[in-house]
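Trainee: The primary structure of each chain is shown beneath.
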Amino acid sequence: MTDAVTTTGLTKRYGRRTALSDCTLNIPAGHVVGLVGPNGAGKSTLLQLTCGLLAPTEGRIEVLGHTPHTGSPRLGFVAQDTPVYGNLTVADHLRFGAHLNPGWDKALAQRRIAELGLDPSQRAGKLSGGQRAQLALTLAIAKRPELLLLDEPVAALDPLARREFLQGLMSYAAENGTSVVMSSHLVADLERVCDYLIVLVASRVRVHGDVDELLGTHHRLTGPRRDPDTLGPGREVVQASHTDVQSTLVVRSTAPVDDPSWTSDRLDLEDIVLAYMAQAGTHGRDRVLEKR
Amino acid sequence: MIEFHLDARSGVAPYLQLIQQVRHALRLGMLKEGDRLPTVKDVVARVAINPNTVLKAYRELEYEGLVQPRPGLGTFVTRTLAGGDEAIAAHEPLRRELTDWLGRARAAGLDDEDVEALLISTFREFSEERAGRRG
Amino acid sequence: MIWLTWRQFRVQAWVAAVFAVAIAAALAATAPHLFDLYQSSGLADCTSNCGDLADTFVIQAGTRLNTILYGVGTAALLLMPALVGIFWGAPMVARELETGTHRLVWNQTVSRRRWILTKLIGIGLTTAVTAAVVSAVVTWWAAPLDDGRAGRISPELFSARGVVPIGYAALGFAAGVLIGMLLRRSIAAMAVTLLAIVLVQVAVPFFVREHLTTPVSSSTPFDPENIASLGISEDNTITVHAASPVEDAWELSNVTLGPDGEEFEGPIDPAKCGPDAAGGKRECDRYLGTLNLTQKSTYIPADRFWSLQWRELGLLLSVTALLGLASVWWISRKVA
Chain A
1 MTDAVTTTGL TKRYGRRTAL SDCTLNIPAG HVVGLVGPNG AGKSTLLQLT
51 CGLLAPTEGR IEVLGHTPHT GSPRLGFVAQ DTPVYGNLTV ADHLRFGAHL
101 NPGWDKALAQ RRIAELGLDP SQRAGKLSGG QRAQLALTLA IAKRPELLLL
151 DEPVAALDPL ARREFLQGLM SYAAENGTSV VMSSHLVADL ERVCDYLIVL
201 VASRVRVHGD VDELLGTHHR LTGPRRDPDT LGPGREVVQA SHTDVQSTLV
251 VRSTAPVDDP SWTSDRLDLE DIVLAYMAQA GTHGRDRVLE KR
Chain B
1 MIEFHLDARS GVAPYLQLIQ QVRHALRLGM LKEGDRLPTV KDVVARVAIN
51 PNTVLKAYRE LEYEGLVQPR PGLGTFVTRT LAGGDEAIAA HEPLRRELTD
101 WLGRARAAGL DDEDVEALLI STFREFSEER AGRRG
Chain C
1 MIWLTWRQFR VQAWVAAVFA VAIAAALAAT APHLFDLYQS SGLADCTSNC
51 GDLADTFVIQ AGTRLNTILY GVGTAALLLM PALVGIFWGA PMVARELETG
101 THRLVWNQTV SRRRWILTKL IGIGLTTAVT AAVVSAVVTW WAAPLDDGRA
151 GRISPELFSA RGVVPIGYAA LGFAAGVLIG MLLRRSIAAM AVTLLAIVLV
201 QVAVPFFVRE HLTTPVSSST PFDPENIASL GISEDNTITV HAASPVEDAW
251 ELSNVTLGPD GEEFEGPIDP AKCGPDAAGG KRECDRYLGT LNLTQKSTYI
301 PADRFWSLQW RELGLLLSVT ALLGLASVWW ISRKVA
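Residue numbers (this note's numbering), protein chains in the order written: chain A, 1 to 292; chain B, 1 to 135; chain C, 1 to 336.
None of these hints come from the bench; they were simulated from the model. A portion of the hints provided could be inaccurate.
[Stated by the list, open to error] Heads up, incomplete: computed chain B residues facing chain A, CB under 8 Å, no partners named: (1) 11; (2) 14; (3) 41; (4) 48; (5) 49; (6) 50; (7) 53; (8) 65.
[Stated by the list, open to error] Stretch-level coverage of chain C by chain A, calculated; a stretch enters the list once three of its residues show a Cβ under 8 Å from a Cβ in chain A: (9) 4 to 15; (10) 19 to 27.
Just so we're clear, the structure is a prediction, and the values are computed from it rather than from any experiment. Glycine is no exception: its CB is placed at the ideal position from the N, C-alpha and C atoms.
Using the sequences plus the hints, can you model the full thing?
Mentor: Structure below.
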C-alpha cells in the first residue's frame, strides 16, 4: 500500500516567517492521523500543503503517490472554521457538490443530511457551528476521497457537537477505510479517534508515529537525582526536570527500563505531547505563524 | 446485542475497555453463543473512537477464542464465560460470605475506600501468586 | 461550475435584467413621439446649416420626461463600468477569500483555472450583454437628440453611445476582479476599483482616443464674421477664436495664427480694437480682417464615429483580456 503522505525536507515560508521547517514524514495509509500542536505551530500550513492549496518553499511532498493539487477527486479537505456559502441553502451545497464532483455519492450526502436533521432549505449562514461543520464534512466525504484532511474541525464546537462530528467522521472512516488526517490544538479531541500522531511545535515535527507504539515506548522515570546521560544507548530523553534530590525524566525507549533505582510510570498521550511541547520550549507557543 | 461505552478517565486503553465489556457481558450471561457483536461502524458511530481500536479489540477476542468473524455477516460469540449452571449456583453462597465479610470490615472501622483498597490489593496479590505458581 | 456560478450570481443577474428592461421599456414608450418630432421638425432631412432647426427641435423635444430619460440613459452607461466593477467584479473573488470559501470550492473536483475562467467568462458575458442591450437602446432612442445637440462624437457622449460601453463595462468588471483578488478585501477592493475606473474613463477620452485615428487639420483664412470669442487685455494682447469650421465634429484644437505662423496674440492697434476704440465692434472686425490671420483647427469629424468606436472597443477589450489572463495566472499560482 502506498503511503498516504510522504514529505522530504518540506519547508514553507511566508516572506521571512517560517511556518513549517524541514518536515520529513511518512504517514501510512488507512490511519486516522492526529496532527497536534499549539496554535501557530504550522498545522494549517502542513494540511494546506497536503491538499495543494499551498506550494512548498523547499522540499517535496507526495500525497497518495503524486504531487498534490487542488481539485483532485482523491482528496477531501475541510478547512479551518469549516467555511460554507452563507447565502446558499443546504440543498444548494449538495447540488453544487454533485455538479463539481464526478464521484459524488448523492445517497450518502442525502442520508447524512437527513440523519443530522438538517433542513435542506435552510441557508447555510443560519446553521449552528456544529451543523456547519457537519455540512462541510458531508461535502468533503460525499466526493468519496481516499484521503480526508480536516483542519481543526472540532475546535469551535461544543462538546455534544464535537462528539456528533467525530461519530460521523469515524463511522465514515470505518465503512470506507479512508485515511484521515485531522489537526487539533487539544490532544483530548484526538485521543480516542486517532491511531497515529504527529506532534508539531514551532514549525517543526517533534515526534510522529503509531499511537500504541508511542504509548508503549514512552516512560516517566522518577529517581534520585542524577545525570540523564547515564541512561545508556537507545534511550532518548524527551524531558528532564530536577530538584536538588530527585530527577524526573520522560524518555523514549524501546527496551524496558529495568534499573531498580528508577520508578517507571506509563504516560498517557497528553503527557507525551506535553513533554514534546516543553522540549520545544514555550517560546514557540507565542508565535503565530499560521496564515488563515 | 450489547452497547459499548468508554470511560475517558479510567486510564485503561480504549481497546482494553471494549474487551473487558465483552468479557463482562459473557460472564453475566448477557451475551450467549451465537449472539452478534455490534459492527465496527456501529461502535465507532456510537462512541466516536478509531475503527482500528474496535478491530484490535475484536481481533484480541477472536485470539482468545471467544468470538469468530463471519465475512459479510459480522462477529459472533462462540463461547460463553458464564461457567455453566454449577458456577452460577455457586454465586449465591459466595455472595453471602462476601456480605458477611463486608459487615465485619465496616464494624472494624473501615470506610468504603479502605474496603476497596483492601479488596483490590488482596485480589491482585492472589492473582499474582497463582500466576507465579503457574509460570 | 456553471451551475454554481449562476447560483451565486443569479440575484445580481436579475437586478441587471430588470434594470435593462426598465430602461428599454421607458425609452421604447417615448420613442415614437420623439421620432415624429424629429421628422416634422425637418432636422432629420437637413444636410447643411441645420443649427437653427436643431435648436428648435431640441427645445420642442426637451420635455421634462425626455430630458430625464436622456440624462438617465447617458448616466446609466457612464456609471455602469463603475457599478459592475464595484458590485460584480471586486467582491467576486475577494468575498471568497474573506470568508474562506475558496478553500471549500477549490477542494471540490474542479481546478482553480476552470473555477476562475467560468466565473470570468460567465459574469463577463452577462456584463457585456447588459451593456450592449442598454447601449443599443439608448443609442437608438437618443440619436435625434444627439443630432440636435453636440453630436455623439463629442467626448461627453462618445463613451455612452455605440459599442464602447461594452468595452468599458467589461474592463470595469475585469479590473474589479483582479483588484479584489490582489487586495483580498471586498470593501477596499470596491474603493480602489471605483478610483481605477474613474481614472480610465477620464484618461481614455482626453489622452488616448485622439491617437486611435488621424485627426483632420484645416487651415483657412481668418473670417471675422465667424468670431466665436474675443478677449483684449490692457497691454494690447488679444485672444481671438473663430467658430469651428465643421458642425458636430470633435474639436481637438482651434487656434488663430498670425502671419508668422505663430499663435496670434497681438499687439493690436488700440485705436481700432479695445475699450478706447471709436469704431466699435464693426471697426475692430474689419481691422482684424486686414491682419492676414489664419484659422488652424484639428478635429475628428462625426463620420469617424463608428470606426473610432470599434477601435476603442478593441483597445478596451484587449486590456480586459490581459486583466483576465492576469487573474487566471494569479489564482492558479499565488493565492491560497
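Trainee: Looking back at the hints listed earlier, which ones does the structure fail to meet?
Mentor: Of the numbered hints, 8 and 10 do not hold.
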